[in-house]
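Turn these sequences into a full structure, and let the hints steer you where they fit.
For the record, the sequence lines run as chains A and B.
For the first sequence, the positions run 1 to 383 when the working numbering is used.
For the second sequence, the positions run 1 to 395 when the working numbering is used.
Hints are computed from structural coordinates only; laboratory data are not their basis.
A few of these clues could be false.
As the list claims (entries may be wrong) - DEER-style ranges, computed between Cβ atoms:
no.: 1; chain 1: B; residue 1: P115; chain 2: A; residue 2: T342; range: 29 to 39 Å
no.: 2; chain 1: A; residue 1: G22; chain 2: B; residue 2: N149; range: 51 to 61 Å
no.: 3; chain 1: A; residue 1: G103; chain 2: B; residue 2: L291; range: 28 to 38 Å
no.: 4; chain 1: A; residue 1: V379; chain 2: B; residue 2: R17; range: 48 to 58 Å
no.: 5; chain 1: B; residue 1: P201; chain 2: A; residue 2: E27; range: 13 to 23 Å
Claimed, not checked - Pulled from the structure, derived: some chain A residues nowhere near chain B, Cβ distances all over 10 Å:
no.: 6; residue: R42
no.: 7; residue: R141
no.: 8; residue: A198
no.: 9; residue: A205
no.: 10; residue: G224
no.: 11; residue: E289
no.: 12; residue: L300
no.: 13; residue: E344
no.: 14; residue: K352
Glycine included, every Cβ here is placed at the ideal spot set by N, Cα and C.
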Amino acid sequence: MDFELNDDQRQLKEAIAGFLAGEFPFERLKALKRSGKAHDERLWRGLVELGVPALLVPTGAGGLGYGPIETYALMEAAGPHLLLEPVFASAVLATLVLEKLGGAGERLLGELARGARIATLAHFERDSRFELEPVATRAEREGSAWRLDGQKSLVLQAGLADVLLVSARLGAAGSGAGGLALFEVPRTQPGVRLREYALVDGQRAAEVGLEAVSVPAAACIATGEPVPRALELAVAEASAALGAEAVAIMQAVLGATIEYLRTRQQFGQPIGRFQALQHRVADMRVQLEQARSMSLLAALRCRSDDTAERRRAVSGAKALIGEASRFIGQQAIQLHGGMGMTDELQVSHWFKRLTAIDLWFGDSDTHLERYLVLMREEVSSDV
Amino acid sequence: MDLDFTPEEQAFREEVREFLRTQLPADIRDKVLNGRELTRDDYVLWQRRMHQRGWGGMGWPKAFGGAAWNAVQQYIFEEESARAGAPRLIPFGIKMVAPVLIAFGSPAQQQRFLPRISSAEDWWCQGYSEPGAGSDLASLRTRAVREGNEYIVNGQKTWNTLGQYADWIFCLVRTDPAAKPQAGISFLLIDMKSPGISVRPITLLDGTQEVNEIWFEDVRVPIENRIGDENRGWTYAKFLLGHERSNIAGVGASKRELARLKQIAREQRDGRGRRLIDDPLFAARIARVELELAALEITNLRVLSAEGATRAPGPEASILKIKGTEILQSISELLMRAAGPWALPFEREAPAAGWQSTPAYASTTMASYLNLRKLSIFGGTNEIQKNIVAQMLGL
Numbered sequence: 001m002d003f004e005l006n007d008d009q010r011q012l013k014e015a016i017a018g019f020l021a022g023e024f025p026f027e028r029l030k031a032l033k034r035s036g037k038a039h040d041e042r043l044w045r046g047l048v049e050l051g052v053p054a055l056l057v058p059t060g061a062g063g064l065g066y067g068p069i070e071t072y073a074l075m076e077a078a079g080p081h082l083l084l085e086p087v088f089a090s091a092v093l094a095t096l097v098l099e100k101l102g103g104a105g106e107r108l109l110g111e112l113a114r115g116a117r118i119a120t121l122a123h124f125e126r127d128s129r130f131e132l133e134p135v136a137t138r139a140e141r142e143g144s145a146w147r148l149d150g151q152k153s154l155v156l157q158a159g160l161a162d163v164l165l166v167s168a169r170l171g172a173a174g175s176g177a178g179g180l181a182l183f184e185v186p187r188t189q190p191g192v193r194l195r196e197y198a199l200v201d202g203q204r205a206a207e208v209g210l211e212a213v214s215v216p217a218a219a220c221i222a223t224g225e226p227v228p229r230a231l232e233l234a235v236a237e238a239s240a241a242l243g244a245e246a247v248a249i250m251q252a253v254l255g256a257t258i259e260y261l262r263t264r265q266q267f268g269q270p271i272g273r274f275q276a277l278q279h280r281v282a283d284m285r286v287q288l289e290q291a292r293s294m295s296l297l298a299a300l301r302c303r304s305d306d307t308a309e310r311r312r313a314v315s316g317a318k319a320l321i322g323e324a325s326r327f328i329g330q331q332a333i334q335l336h337g338g339m340g341m342t343d344e345l346q347v348s349h350w351f352k353r354l355t356a357i358d359l360w361f362g363d364s365d366t367h368l369e370r371y372l373v374l375m376r377e378e379v380s381s382d383v
Numbered sequence: 001m002d003l004d005f006t007p008e009e010q011a012f013r014e015e016v017r018e019f020l021r022t023q024l025p026a027d028i029r030d031k032v033l034n035g036r037e038l039t040r041d042d043y044v045l046w047q048r049r050m051h052q053r054g055w056g057g058m059g060w061p062k063a064f065g066g067a068a069w070n071a072v073q074q075y076i077f078e079e080e081s082a083r084a085g086a087p088r089l090i091p092f093g094i095k096m097v098a099p100v101l102i103a104f105g106s107p108a109q110q111q112r113f114l115p116r117i118s119s120a121e122d123w124w125c126q127g128y129s130e131p132g133a134g135s136d137l138a139s140l141r142t143r144a145v146r147e148g149n150e151y152i153v154n155g156q157k158t159w160n161t162l163g164q165y166a167d168w169i170f171c172l173v174r175t176d177p178a179a180k181p182q183a184g185i186s187f188l189l190i191d192m193k194s195p196g197i198s199v200r201p202i203t204l205l206d207g208t209q210e211v212n213e214i215w216f217e218d219v220r221v222p223i224e225n226r227i228g229d230e231n232r233g234w235t236y237a238k239f240l241l242g243h244e245r246s247n248i249a250g251v252g253a254s255k256r257e258l259a260r261l262k263q264i265a266r267e268q269r270d271g272r273g274r275r276l277i278d279d280p281l282f283a284a285r286i287a288r289v290e291l292e293l294a295a296l297e298i299t300n301l302r303v304l305s306a307e308g309a310t311r312a313p314g315p316e317a318s319i320l321k322i323k324g325t326e327i328l329q330s331i332s333e334l335l336m337r338a339a340g341p342w343a344l345p346f347e348r349e350a351p352a353a354g355w356q357s358t359p360a361y362a363s364t365t366m367a368s369y370l371n372l373r374k375l376s377i378f379g380g381t382n383e384i385q386k387n388i389v390a391q392m393l394g395l
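Below you can see the structure in the form of structure tokens.
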């Protein structure tokens, strides 16, 4: 049994943490958010040089061929900095989708690994909420080309992306539920419209309209059963990554809260002397450790071939980490008093990212219910 | 024992409903019901309508131009107002400084200030908290030094709500630094146009600027603007805090938001087409908070009927504050979770920009959730309220 990062993984984590500590202190984040810019180009270049977008790209496609534990190390280092860079959108989620599909996506994977292009997944739609299945966007064959029509929602960092990975159902509109396909669509392709907006945590996303978008046959990365399977596996692994990010943020939140309780004086003493507040902080630490354990479990199991085991670990982690994030985030604001409500301190920024993380790919209750269904199946099959 | 309101109280409720039906402008109602921000003019207009109806000082005695409503009448008014989507009445004038003026002010102060509070000619704000004096309010350090017929005030106040709109501020200042903390405080009324006052907005986590820091630099305040005796300000402040909590349970607002949550749960569907109200986990959360609210409503009414009209609220107010804020925070959290991924976009005006995807209700749910974290912090943190309850229990 070993719950430690190996030397390579530790070096990776330390390199990223050291780079971000120097280049992206909280004051930079605040200035960046106020500037209205989507991200900091120089910071992204630095992350590319550190090999971040290459981590999850297979060696055969020009990447480093790492897996979920390295992703865990990456998110642990990057989490507290609340990056607005397309690390998650491109280097994790989009890369994972392509990695799961292999084949036609390999050339693009190589470009992502080098930082030559940025990609994002354009899969979810208006009625998706937290499910992967609902896809109304259509792909129709027109000679040697494909024609895409539909609308994608909450496409993370779409404005920064060179390439959108668009899922679509094969066949003309109204022709019933065909199989899925995944397309590589340049953001600037005629017929692609973006309505961009800021998210609560400062990242940007967009509604993406696709109107008679024509792409060549080679833009179709995959069709049929491999597509939903790749999406499920990629989203499971990306959920584990988000869990690691949340745990790192919770750790930072707890540290800042303890520091505040040590320094803030009321009634002639640091407020951390009050037992009621000490117990609150102890409860936060208990939840943090539970969340960290589930995050590790998800990292260790999210590539498992045993479907039930994989799903239990990922949904269990998302459920518990979501609850811990809410508790720790809310209590951190409360214990900081009025100061916690301000934009001035980092605690409110961490709170917002924690709140946002729970809302990607299913909130804690959604995953509790998925876990419940898996548990019920297990209990029923025991009989 | 009887849960029903008396026929007189029911008639009063009808009167309030009729007033709300005829006087509340539709645009203001829509803002309130959809969780959007109100302007200064919205608040002023609504207080003026109250004033024109003779309800400007709803809880004040008739002799001071008030409507002399008792606690039950005020409760009914708040409940109906919340349901109808009326703005909350800005409390700093009518509910905070006015009762202090009535109880401890000179006749000259009463005649000068009360009518202008009722008519919304003057907007009041509060100068209590300081950077080093929050929960421990008595440690405040803003100094007022007597010089002839004036005080010279120096210091800094913080968490001042909507002071950017204010004409006047009521302030706790230290007039005797040698005395015990509570014994050296005076209660001053200060004209916000006085030279030496600067107001700096604090940006909150939801992007709003509803609170300020206020700096006083050699601000001259005539001694006739002091309430009561010098160094007795703590007594008046405690009296005021008792009044601040008189409607802190916020049952009306919670009932309105709960009804909105249930409406949304009936319409919003998950990714498999199931309505949220048919999601057993989500429905259980709604049921739980509805039960808490049902209990709180009765608790609130029990406190009101024990209190009668005139007595200042007792320490039971702390129980109402703790539970009331927890409930409203829970409901705001559930509204945000109902919106799900649609709570992520953070642009209040997004629906007006003509998005097709976003459910109309969703755009303000995140901002409200973030903003309402303040409920358990301001007006005496819930931790301080628990101290009060524990003291009340003899510990």
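Here's how the hints hold up against the structure:
1. P115/B / T342/A: 29 to 39 Å: 37 Å, holds
2. G22/A / N149/B: 51 to 61 Å: For N149/B against G22/A, whose Cβ atoms are near 59 Å apart, the range 51 to 61 Å holds.
3. G103/A / L291/B: 28 to 38 Å: 55 Å, violated
4. V379/A / R17/B: 48 to 58 Å: 53 Å, holds
5. P201/B / E27/A: 13 to 23 Å: Check passed, 20 Å falls within 13 to 23 Å.
6. R42: The claim stands: R42/A keeps its Cβ more than 10 Å from every Cβ of chain B (closest is about 25 Å).
7. R141: 27 Å, holds
8. A198: 5 Å, violated
9. A205: It is violated; A205/A is separated from chain B by about 7 Å at its closest Cβ, not greater than 10 Å.
10. G224: 22 Å, holds
11. E289: Consistent with the label, E289/A stays out of reach of chain B, its closest Cβ about 24 Å off (over 10 Å).
12. L300: 27 Å, holds
13. E344: Check fails; 7 Å does not lie beyond 10 Å.
14. K352: The claim breaks: K352/A does not keep its Cβ more than 10 Å from every Cβ of chain B (closest is about 7 Å).
The earlier numbered hints that this structure contradicts are 3, 8, 9, 13 and 14.
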